[in-house]
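J.: Assemble the complex: chain A is given as a structure, and chain B must be docked to it using the hints.
There are 2 protein chains.
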Amino acid sequence: MELWYSERGIVPGLALSVEVSKVLHEEQTDFQHLAVVDTPLCGRMLWLDNIIMTSIKDEFIYHEMISHVALNTHENPKKVLVIGGGDGGAIREIIKHPSVEKAVLVEIDRRVVEVSKEYLPEIACALDDPKVEVHCVDGIQYVRDHKNEFDVILVDSTDPIGPAVGLFEGSFYKNCYDALKEDGIFVAQTESPYYNEELIPKVNKDIRSLYPITNIYLAYVPTYPSGCWTFTMGSKKYDPKAVDFSTRPSYKTRYYNHDVHKAAFALPNFVQELINK
Amino acid sequence: MELWYSERGIVPGLALSVEVSKVLHEEQTDFQHLAVVDTPLCGRMLWLDNIIMTSIKDEFIYHEMISHVALNTHENPKKVLVIGGGDGGAIREIIKHPSVEKAVLVEIDRRVVEVSKEYLPEIACALDDPKVEVHCVDGIQYVRDHKNEFDVILVDSTDPIGPAVGLFEGSFYKNCYDALKEDGIFVAQTESPYYNEELIPKVNKDIRSLYPITNIYLAYVPTYPSGCWTFTMGSKKYDPKAVDFSTRPSYKTRYYNHDVHKAAFALPNFVQELINK
Numbered sequence: 001m002e003l004w005y006s007e008r009g010i011v012p013g014l015a016l017s018v019e020v021s022k023v024l025h026e027e028q029t030d031f032q033h034l035a036v037v038d039t040p041l042c043g044r045m046l047w048l049d050n051i052i053m054t055s056i057k058d059e060f061i062y063h064e065m066i067s068h069v070a071l072n073t074h075e076n077p078k079k080v081l082v083i084g085g086g087d088g089g090a091i092r093e094i095i096k097h098p099s100v101e102k103a104v105l106v107e108i109d110r111r112v113v114e115v116s117k118e119y120l121p122e123i124a125c126a127l128d129d130p131k132v133e134v135h136c137v138d139g140i141q142y143v144r145d146h147k148n149e150f151d152v153i154l155v156d157s158t159d160p161i162g163p164a165v166g167l168f169e170g171s172f173y174k175n176c177y178d179a180l181k182e183d184g185i186f187v188a189q190t191e192s193p194y195y196n197e198e199l200i201p202k203v204n205k206d207i208r209s210l211y212p213i214t215n216i217y218l219a220y221v222p223t224y225p226s227g228c229w230t231f232t233m234g235s236k237k238y239d240p241k242a243v244d245f246s247t248r249p250s251y252k253t254r255y256y257n258h259d260v261h262k263a264a265f266a267l268p269n270f271v272q273e274l275i276n277k
Numbered sequence: 001m002e003l004w005y006s007e008r009g010i011v012p013g014l015a016l017s018v019e020v021s022k023v024l025h026e027e028q029t030d031f032q033h034l035a036v037v038d039t040p041l042c043g044r045m046l047w048l049d050n051i052i053m054t055s056i057k058d059e060f061i062y063h064e065m066i067s068h069v070a071l072n073t074h075e076n077p078k079k080v081l082v083i084g085g086g087d088g089g090a091i092r093e094i095i096k097h098p099s100v101e102k103a104v105l106v107e108i109d110r111r112v113v114e115v116s117k118e119y120l121p122e123i124a125c126a127l128d129d130p131k132v133e134v135h136c137v138d139g140i141q142y143v144r145d146h147k148n149e150f151d152v153i154l155v156d157s158t159d160p161i162g163p164a165v166g167l168f169e170g171s172f173y174k175n176c177y178d179a180l181k182e183d184g185i186f187v188a189q190t191e192s193p194y195y196n197e198e199l200i201p202k203v204n205k206d207i208r209s210l211y212p213i214t215n216i217y218l219a220y221v222p223t224y225p226s227g228c229w230t231f232t233m234g235s236k237k238y239d240p241k242a243v244d245f246s247t248r249p250s251y252k253t254r255y256y257n258h259d260v261h262k263a264a265f266a267l268p269n270f271v272q273e274l275i276n277k
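Residue numbers (full-length UniProt numbering), protein chains in the order written: chain A, 1 to 277; chain B, 1 to 277.
No lab work stands behind these hints: they were computed from the structure.
Don't take every hint at face value.
[Said to hold, decoys possible] Here are the simulated lysine-lysine pairs, PhoX-like style, with alpha carbons at most 20 Å apart:
#1 A:241 x B:262
#2 B:131 x B:262
#3 B:174 x B:236
#4 A:57 x A:102
#5 A:277 x B:262
#6 B:241 x A:241
#7 B:102 x B:57
#8 A:131 x A:79
#9 A:181 x A:262
#10 A:57 x A:79
#11 A:262 x B:241
#12 B:181 x B:237
#13 A:237 x A:252
#14 B:147 x B:236
#15 B:252 x B:237
#16 B:174 x B:131
#17 A:57 x B:277
#18 A:277 x B:202
#19 A:262 x B:262
#20 B:202 x B:96
#21 B:147 x B:181
#22 A:252 x B:277
#23 B:277 x B:262
#24 A:237 x A:79
Next up, chain A with everything else stripped away, as it sits in the complex (with noise of 0.2 Å):
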């Protein structure tokens, strides 16, 4: 007997399934319903609320580029806020610069942190660092309380819809925007451009109301829906197109690379006149 996870309802009329060897661990928590699953073809598997979060196979790309754009554009990067990334794959990667001295991680949701460390430790591997917090609370609240103190603020959330909906909010772009320094870079994952044409422009127009600086980014992510994802980062100084990467840190990656970096800005024709809209 075969069994398959499927991905359906995210984009109405597809559907992405999944074999899967093993079902390691599911629950409802307070926020969504988790899954861990063994798979042939991606390894070990999270999925939120029947929507692929992150496999083995792959989550070094969201994971590298999700970090690596916004803090090898800002010149020096001491204190780094993640909202959401429960699974630690993003701190993992943020730590990789010399520079960062605090990594902060919110995570509405304790048990995404929980399962993470103990079902995904390649991901999770860094919430443990003596340069990482993590606080299980609500990522909204939280920038609301803080200001002017973040280098780079990200937001790695789970798609617009159920817990995650807030995050693609103006007012919560206007709180991480305050919670930033006076040359602090915001990004955060917008979705794919197939599939997404309103909320796209949406959140373009928002983050270009902030900041001088606003750029969409593109990555490869071969398990979220049509496998092109964007990033939508506003900077109140560093142009993310203009790095002098001669100073900037070398360390491990398997998708991040400076080329990709300087290609990720390079927009097709349908993604720039979904911007411009």
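T.: Using the frame of chain A, we list chain B on its own:
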């Protein structure tokens, strides 16, 4: 009752399914199973042997990226050959180049051409253009019989199973090399770097043994497994990374632009490692 078509088997352990509103055509041709369906998400789609070939929603990406990178790398492409690509999408893009005097399509399965003309006129629209010649014969034999004739050859094949197996072999690549003029350019679609870890280094090695300038480039193709697609280019003279775009023609595209051309050659570390195997 919902009807869904599932692509299963091409990548073991993975299935992409699309809701179908209407099955317009199904037949077993002399070479493969062929289906045309309407879908709410992707518009009209062509499937061969239960694998997605193209959809109205995203066909522009694959067809622009298999064509324009080579046609803009060549300084004066006049005669272009497409092997496979019976839907006509690559041909439609090729004849956008004013220098092109003749575009030859060699598709083994006459029914793919006929059905595309009937059901996918947006894609097949250029097949009756006076600059276009269509031959429904075996591409392997065709290139064997033509020497020193083409400026650009594009291999727009199905996956390396079934009728297309021979289009991924060294002897075919050698015949393509001989069918090209002394400054000719060869491009083949070469599948996803996530799920074809043996094929891509093999093709790369074959092409590198023939051409002084060999490169892989990438495009986001949402309806192909992983969404990340490779094209392998061998060039006898022109460097695709050193194109003087100021001398190139302009025409309407929805994905390709000069920044995208350059960015497509920026390879993530894991893809670089794959081709250096």
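J.: All hints are to be evaluated individually against the structure, with a verdict given for each.
T.: Checked hints:
Proposed proximity of residue 241 of chain A and residue 262 of chain B is supported: the alpha carbons are some 14 Å apart, at most 20 Å. Between residue 131 of chain B and residue 262 of chain B, the direct Cα distance comes to roughly 29 Å. Violation of the 20 Å bound is thereby established for this hinted pair. Taking the CA atoms of residue 174 of chain B and residue 236 of chain B, the gap is about 13 Å. The hint holds against a cut of 20 Å. Annotation: proposed proximity of residue 57 of chain A to residue 102 of chain A is violated, straight-line Cα distance about 28 Å (limit 20 Å).
For the suggested pair residue 277 of chain A and residue 262 of chain B, the alpha carbons sit about 25 Å apart, so the restraint of at most 20 Å is broken. The suggested pairing of residue 241 of chain B with residue 241 of chain A holds, with an alpha-carbon distance near 19 Å, which does not exceed 20 Å. Distance hint between residue 102 of chain B and residue 57 of chain B is unfulfilled; the C-alpha atoms sit about 28 Å from each other, more than 20 Å. This hinted pair checks out: residue 131 of chain A and residue 79 of chain A have alpha carbons roughly 10 Å apart, not beyond 20 Å.
Taking the CA atoms of residue 181 of chain A and residue 262 of chain A, the gap is near 25 Å; set against the 20 Å cutoff, the hint is violated. Between residue 57 of chain A and residue 79 of chain A the CA atoms are separated by roughly 29 Å; this puts the pair beyond 20 Å, and the hint is violated. A distance of roughly 14 Å separates the Cα atoms of residue 262 of chain A and residue 241 of chain B; the hinted pair therefore holds under the 20 Å criterion. About 10 Å separates the Cα atoms of residue 181 of chain B and residue 237 of chain B, which keeps this hinted pair within 20 Å; it holds.
For the hint pairing residue 237 of chain A with residue 252 of chain A, the CA-to-CA distance comes to about 27 Å; that exceeds 20 Å, so the pair is violated. Only pairs whose Cα atoms come within 20 Å are accepted, and residue 147 of chain B paired with residue 236 of chain B is accepted, the gap being roughly 15 Å. Pair hint residue 252 of chain B plus residue 237 of chain B does not hold up; C-alpha atoms about 27 Å apart against a cutoff of 20 Å. At most 20 Å may separate the alpha-carbon atoms for a hinted pair to count; residue 174 of chain B and residue 131 of chain B exceed this at roughly 27 Å.
At most 20 Å may separate the alpha-carbon atoms for a hinted pair to count; residue 57 of chain A and residue 277 of chain B meet this at roughly 19 Å. A distance of roughly 43 Å separates the Cα atoms of residue 277 of chain A and residue 202 of chain B; the hinted pair therefore is violated under the 20 Å criterion. With a C-alpha separation of about 10 Å, the suggested pairing of residue 262 of chain A with residue 262 of chain B holds against the 20 Å cut-off. A distance of roughly 32 Å separates the Cα atoms of residue 202 of chain B and residue 96 of chain B; the hinted pair therefore is violated under the 20 Å criterion.
Distance hint between residue 147 of chain B and residue 181 of chain B is fulfilled; the C-alpha atoms sit about 8 Å from each other, no more than 20 Å. A hinted pair counts as satisfied when its Cα atoms are at most 20 Å apart, and residue 252 of chain A with residue 277 of chain B qualifies at roughly 19 Å. With a C-alpha separation of about 24 Å, the suggested pairing of residue 277 of chain B with residue 262 of chain B is violated against the 20 Å cut-off. Annotation: proposed proximity of residue 237 of chain A to residue 79 of chain A holds, straight-line Cα distance about 16 Å (limit 20 Å).
Violated hints, in rising order: 2, 4, 5, 7, 9, 10, 13, 15, 16, 18, 20 and 23; the structure is consistent with all others.
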